[in-house]
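Chains as they are written, first to last, in the numbering used here: chain A, 1 to 580; chain B, 581 to 1189.
Please note: incorrect hints may appear among the correct ones.
Claimed, not checked - Here are the simulated lysine-lysine pairs, DSSO-like style, with alpha carbons at most 30 Å apart:
1. K1129/B with K29/A
2. K643/B with K125/A
3. K801/B with K3/A
4. K745/B with K485/A
5. K805/B with K485/A
6. K84/A with K643/B
7. K1129/B with K147/A
8. K485/A with K1116/B
9. K801/B with K485/A
10. K29/A with K84/A
11. K29/A with K801/B
12. K960/B with K1140/B
13. K829/B with K147/A
14. K463/A with K1140/B
15. K84/A with K960/B
Since the hints were derived computationally from the structure, they do not count as laboratory data.
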Amino acid sequence: MVKLIIDDREVEVPEHTTILDAAASAGIKIPTLCYLRDVNEVGACRVCVVEVEGIDQLVAACNNYVLDGMIVHTNSRRARIARKTNVEFLLSQHSSECTSCVRSGNCSLQSLANDLGITHLPYAKHLEGFHSDTAFPLIRDNDKCIKCLRCIQVCENVQATGVWALTSRASHASVNVAGGRALAETDCALCGQCITHCPTGALRERDDTDRVFDAIEDPEKICLVQIAPAVRTAWGESLGLAREDATVKRLASALRQMGFDYVFDTNFSADLTIMEEGSELLERVRRAGEPGGEPIRFPMFTSCCPGWIRYAKSHYPDMLDQISTSKSPQQMFGAVAKTYYAEALGVDPSMIFSVSVMPCLAKKAEAALPTMVGETGEPDVDVVLTVREIDRMIRAAHIDPCTLEESELDQPLGAGTGAAVIFGATGGVMDAALRSAYFLATGENPDPDAFSGVRGLDGWKEKTFDLAGVPLRVAVAHGLGNAHKLIEALRAGEVSYDFVEIMACPGGCVGGGGQPIHDGCELAGERGDVLWGLDAAAPLRFSHENPSVQTLYADYLGEPLSERAEELLHTDHAAWEMGK
Amino acid sequence: MARLHVMERSHAQAVMDDLHDALGRRLAARSLAPCPVEFTAALVNLCATQSCGKCTPCRVGLKALADLLEDVLANRATPETIDLIEKTANTIYLSADCAIGYEAGSMALMAVRGFRDDFEHHVREHACGFDENERVPCVAGCPANVDIPGYISLVEAGRYTDAVKLIRKDNPLPIVCGRVCEHPCEMHCRRGIVDDPLNILALKRFATDHMECDYRPWIAKATGKRIAVVGGGPAGISCAYYLAIMGHKVTIFEQRRHLGGMLRYGIPSYRLPREDLDAEIQWILDCGIDVELEHAVDGQELARLRDEFDAVYLAIGAHSDKKLGLAGEDAEGVVSAVQMLRAIGDGEMPDFSGERVVVVGGGNVAMDVARSSVRLGAEKIIIAYRRRICDMTAQDAEIAGAEAEGCQIMELNAPVRIEVGADGRVAGVVVQPQIIGEPRWGRPAPRAADAPERLIACDRVIVAIGQDIDSAPFEAMGIPCSRGRIVTDTEGAVHGFAGLYSGGDCQTGPATVIRAINAGKVAAANIDHYLGFDHKVLLEVELPPVQFKGKRLCGRCELKERDAAERVGDFEMAEIGLTEQEAHQEASRCLRCDHFGFGAFRGGRNFQW
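For reference, chain A alone in the conformation it holds in the complex:
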């Protein structure tokens, strides 16, 4: 243990504790800006500088360690002035157009400047004048970038992608696409982790809210909306709702008040996905066992995460045949809505305006793929909104969800099981798939918690389960860095599996790049627990027991992997190119 004095308080902490953590343990919160625990501990912004007696210069508290007998002043005159001046430096290169910024009110730079009492700027303003293509789902506005370097670190070290880099040097140092390319031409997976880890509004999603308002107000359109599983864990965070009050049913009420005609649940198509993907897995296993058949490579990978699909296409194009051909739940929903449901309503599919609310940016790109269209070439899903966008729409429509009662989702596309709702957490797709695969293989339901070994926040989980006497080796990875490690080990022959679930975002969709932003907090675990709780409490916990899905097969699709199911619910991952 090390004893030191911080702001006249005696503090005792273990060796190798940072000054920042030591101060926090004594209840002293040293302001930080660029710091992000375990991700970005580079001491770049110099906001957390403190005075250490006996040392002439100030010391960054975030990445320097306590020493025995150290006397620290976190708010001495020198530290205070330096901290404030450094924020003024950053503001001199920051477009402080807070009134038209999506991060206003949730911006670390703004709060810091306010906290430090900065009321005027002594330095001339110099803006870089660069923003990226605003048609792409991910937008960079360098007039707001403060070069904290977090996006570079998250992309490279957490997501193993490396889209961002320091592209110039000295006073012209700029964070931008490595090599100076256009963002759309990179292998960006659109995981959006750079957005959720950006302290300012330099990175954001393309805002599609106006298109949705227009459609809602268009009397010719039937507006329906699907809500992804992970959305129900987070949509209330920025609206002042307690987690237990921010239910999907209350969100349904808000969306109806906003003017949507039908409010459905992506859980419906998550169950559908399990039927198709699970059947596909068993079919692959069966075909692989046939003598003389075409060789089938294992493992089969899940396909519900479009960020993962983008990553696989750009990093492992030779493995696309190993990814399930099943569309993601969002796209299965879109395809079913504009065929089966349009027929049920007796309307032309072109009258349907299909919106999805997703914790995700990659879903925006997925919905726009040339392969995700109906017979007329119209997209199956018209607009994808992130949770942040739907929250903005709720505020813009001056709806106070706290005052709304819960209401049921519409049927039949609003029905989902516990197996569907866990799609939003890492391990959930695997867990759900195993429950139904077991049923399909044995004709009996397993204990719904039989496969709980794939749950939890370890980056790379593996388990072997017995499926009617056949051992099934499965693995789950979340975060593309973990996916990268898993696939490299597979390719090196160090591991082998039959079925692998990959989610691009750490923690799965609950940690998605389209979720509400809380600087410095990783909420994937807490949000994931909501989903696992919903599953545990659900009356139905097996996808194959979803009555709407059963009806869909009985009345329309026949059976999983039928010709019509292949047509509507499966896709060719090789039929489109990245960077286009």
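Given chain A, put chain B in place with the hints provided.
Same frame as chain A, but now just chain B:
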């Protein structure tokens, strides 16, 4: 009113002089900018401030040039801007009235032409295309990328064995390098910006001299692969070590009686004591490396080795001597430095008692043979060199050491022939005095001065003008060679010969120990890969936590030398290592660029290779 005044230094002038010194140190330690366009802009801005303001091109042109460069940096420029920059620089060069202006124009011109690709990249991509990674300066400066801040922190913590362990992750010869490394790591040491660069060499030596205990490296499971290393110099030994710890079976084939190559047959023992060299080599051989001494390898033998072994590393060094090409060179008493040092390396000490010796050359080897001659009893030693002392390629410390030991340097004297006596023995060297002139190949070239030839009477001439590579037998079998050097790709692989790698002096031409060591390390990694493995060499030492100390001025502890009068009498180590007090103070001066500055973001530490 007085007619004249004595010059007095104003306060401002004194401050300016101090800042000038600081700027000089700063520029010595760090380039103006890690981006070529930033570099040019900084250079032009600096030059512009030096203008007196009288003349148009310098006063206005340099400012206009700076504006154009800012346009490039701020992504406002078009391809035409680059042409305009070149035209502007050229006009300043052609029409400025004094050197302040025309040299500024000349530098800007050189920059825009030399960096044309970088300028175009900025204009086209709005980003810097210069991908020279900004790394920890000492680590980047070390050809083997040794984790210098890491082992210095271990020296500071008094953990010397761990320090040596850490060094050996990247360089298996720390004892050797702690004595003879040319320490390019110190060149850009950031401490130089504050006061003086760290004495990294001395700290490495201190660690090797004060290990608390020996240790053995971790050796991977035997792979069953066999590799032949041809040549037992630093490149070969380094390659053999890393391959051995990766679990491969290595045999070194050495032409001479002992291992060490130029470490033994080139570097005198007063710089690298034989017992230290032997101990370090033995430590490496104990990893299970076989050695075949006095086993020369020619083309035919190489072909046999390639058949018998899974891979071959060719590291034969540069051991044949260059000739002066002067009349009388074959006379008795004229020897090459290579011959002389080779004999000494095998323990055959010649006797120069009472002789007058002329050494021809200006490199480290010339200093080595001159200083060895002192120890062999020579009465008078003259080093004849055709350029100036400041043009010598020998390290300053070596030149100073030679002079302190009584060697006389005759600069600007080019040997023109060897005077041979009636007995067929050398009688002297005839030299032509030179005058220094305009630069050729980067340094000022001498030419004959209007002065008569002179005879330096002597009993012995030692020619130390460089070494050649004995690559002819390999070239004959089709191995690609260029000007005597074996040609490989950057991985060390010889094109067209699967499994054959080469490196060290025979591939680079005569170079430094540390470059040879790195060549061996690179080859080991790539041979391992070639054989289908991916063994990683890991950082196995836990480093002490970084401590912020802030700026504290403190001079650099230098190595002391034994008294010149005493050391000329033997071949014992001339330099004295640091004391513990000195070593700890010196280690504490390290600014830990692996943790502070850019190192915190990128390039802080390589945990494996």
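Comparing the hints with the structure gives:
Pair hint K1129/B plus K29/A holds up; C-alpha atoms about 23 Å apart against a cutoff of 30 Å. With a C-alpha separation of about 22 Å, the suggested pair K643/B and K125/A falls inside the 30 Å cut-off, and the hint holds. Restraint check: the Cα-Cα separation between K801/B and K3/A comes to about 46 Å, which exceeds 30 Å; the hinted pair is violated. Taking the CA atoms of K745/B and K485/A, the gap is near 29 Å; set against the 30 Å cutoff, the hint holds.
Of the supplied pair hints, the one linking K805/B and K485/A holds, its CA atoms being roughly 28 Å apart against a limit of 30 Å. Taking the CA atoms of K84/A and K643/B, the gap is about 34 Å. The hint is violated against a cut of 30 Å. For the proposed pair K1129/B and K147/A, the alpha carbon gap of about 26 Å is at most 30 Å, so the pair holds. Restraint check: the Cα-Cα separation between K485/A and K1116/B comes to about 16 Å, which is no more than 30 Å; the hinted pair holds.
Proposed proximity of K801/B and K485/A is supported: the alpha carbons are some 24 Å apart, at most 30 Å. Of the pairs offered as hints, the one joining K29/A and K84/A holds, with about 16 Å between alpha carbons and a cut-off of 30 Å not exceeded. Annotation: proposed proximity of K29/A to K801/B is violated, straight-line Cα distance about 51 Å (limit 30 Å). Of the supplied pair hints, the one linking K960/B and K1140/B holds, its CA atoms being roughly 25 Å apart against a limit of 30 Å.
Between K829/B and K147/A the alpha-carbon distance is near 50 Å, which puts this suggested pair outside the 30 Å criterion. For the proposed pair K463/A and K1140/B, the alpha carbon gap of about 64 Å is over 30 Å, so the pair is violated. The hinted pair formed by K84/A and K960/B fails the criterion: a straight-line CA distance of about 70 Å is larger than 30 Å.
Taken one by one, the earlier hints fail for this structure at numbers 3, 6, 11, 13, 14 and 15, listed in ascending order.
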